[in-house]
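Under the numbering used here, the letters of the sequence shown match residues 41 to 477, in that order.
No lab work stands behind these hints: they were computed from the structure.
A portion of the hints provided could be inaccurate.
[What the hints assert, rightly or not] DSS-like, lysine-lysine: derived pairs with alpha carbons at most 27 Å apart:
1) 215 x 84
2) 387 x 270
3) 259 x 387
4) 387 x 434
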Amino acid sequence: MQVLLLVTLLGFQNPTFGPDNPEGLVLSRNQKIRHAFQRKTFWKQVATPTVIPSKPPLTAAERQQMNRALDQIIALLKATPEGSSGVGFWTNESRRLSLTNYDEFPRTYPPAKVPPAYESRLFPFYHEDSLQPNGQWRLSNKGETESVSFVFNQLPHPRYGVVIAQEEVPAVGLKIDFTLRPKLTGTWQDYPVYADSILVVTRPGRDPWAPVPLGRALKAALPQFEQDSKSAESRLAGYKEKNNQMQSPAYEKEMWDYFEKTSGSLKTTRPSNYAARKASTEREIRINRENAAAANPLRDAKGSWYWNPVEAYQAAKARLDALSPADAAKSACFEAAKDSNGRYAIKGDILPLGASPTCEPIVMQNFAYFDQSLPRSAPQILVIDEFGRCATLKDGQMVRRAALPQRIYEAPLQGCYRHFEMWNDLDWPKLQSILAP
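All chains should be built: construct the whole structure from the sequences, respecting the hints.
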């Protein structure tokens with residue numbers, strides 16, 4: 041008969057179990073829950089992949105090709121020591137086929153050529169058993185854990201770059217994000233990691249991001265320039281209204297009427313206090329009128345809140361209006377403003393790429409990345425969206441995103457700990473061979 045232990049575990053190592061408890065069973069504080077520290081790992085796949093409707097619908101051959109690519113990913117992970125002979129956890133896999141938003145592709149893209157994206161999402165759960173009313177234990181239940189997805193044929197999401205402007209697509213009610221090119225924060229096994237978050241495997245010579253033409257970037261950003269300019273004009277109008285009020289005889293009369301009401305009696309009872317308060321009121325009137333000079337901002341540091349956005353809008357509009365077709369087709373970049381006072385909607389200027397060493401390229405998703413001569417289900421790009429959830433790169437090495445807990449209670453490790461261990465021993469170069477050559 042197996043012995044169930046109720047223990048508190050200290051440090052990183054699993055406790056030692058005797059031959060009478062080969063699965064390493066440990067009761068939790070809830071006596072109806074137990075964990076198996078030494079139970080062997082296994083993999084379980086959701087019986088039927090989720091298939092999102094595509095245009096046209098997926099064929100049996102396309103589904104087979106998608107599942108074959110996903111099977112190859114799983115085979116590589118299962119081949120690692122953690123994936124094949126680990127203990128204390130098991131991995132649940134769910135799949136989704138055709139999760140592409142077809143409206144995101146350009147109107148000119150042939151619908152039948154749009155590559156449907158597909159993914160395998162992995163959930164490493166610790167072995168947790170629950171006691172049933174009939175006295176039997178239900179083994180290895182699902183719970184909550186950190187999942188990671190391997191996605192084919194989905195371009196990296198724009199959220200990994202700073203959004204500079206959005207281009208409206210009224211026909212489908214979408215917006216195309218124009219962003220700064222995501223920062224390459226390192227490489228792992230020669231694969232790029234962007235924004236310390238995503239790992240991307242591409243076909244040789246292909247870029248998942250495309251430069252944004254200058255004309256499109258300026259046109260998309262012009263409403264933001266205009267918004268800042270209007271905000272400055274509105275603020276100026278408020279200052280002018282206040283200035284007119286401050287400079288009027290009515291304002292001065294109101295101030296002196298209030299003074300007489302609150303301090304007039306001091307003229308005979310406490311003359312010195314009366315004189316001090318009168319001088320204070322005179323000073324307040326003078327300062328308020330001087331401060332109201334913001335209604336006429338100069339082109340200096342104090343007036344930059346107005347002139348920065350107004351002149352930026354004028355310059356952007358003039359630049360857009362003057363663009364020749366050849367110039368409009370040039371790549372755009374974003375130059376951060378040295379003084380962003382008054383620049384709230386857009387904190388810099390859009391210029392032709394190369395205008396200055398500090399002007400950063402503006403990019404968008406590159407739908408031309410996909411080779412339309414290939415079957416639409418052929419794997420052409422692989423993205424691990426949550427790479428940065430579990431790992432980061434330091435001095436060329438992959439390290440855990442979070443340190444192991446100093447105290448571990450009752451349950452084996454799961455989630456990111458298991459993902460990381462499998463990645464550490466994964467045959468990464470073989471990932472490339474899964475993609476179309």
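Hints, one by one, checked against the model:
1. 215 x 84: With a Cα-Cα distance of about 39 Å, the restraint between residue 215 and residue 84 is violated, given a limit of 27 Å.
2. 387 x 270: Since the Cα atoms of residue 387 and residue 270 sit roughly 15 Å apart, the hinted pair holds (cutoff 27 Å).
3. 259 x 387: This hinted pair holds, its Cα atoms lying about 16 Å apart.
4. 387 x 434: violated (31 Å)
Hints 1 and 4 from the list above are not met by this structure, while the remaining hints are.
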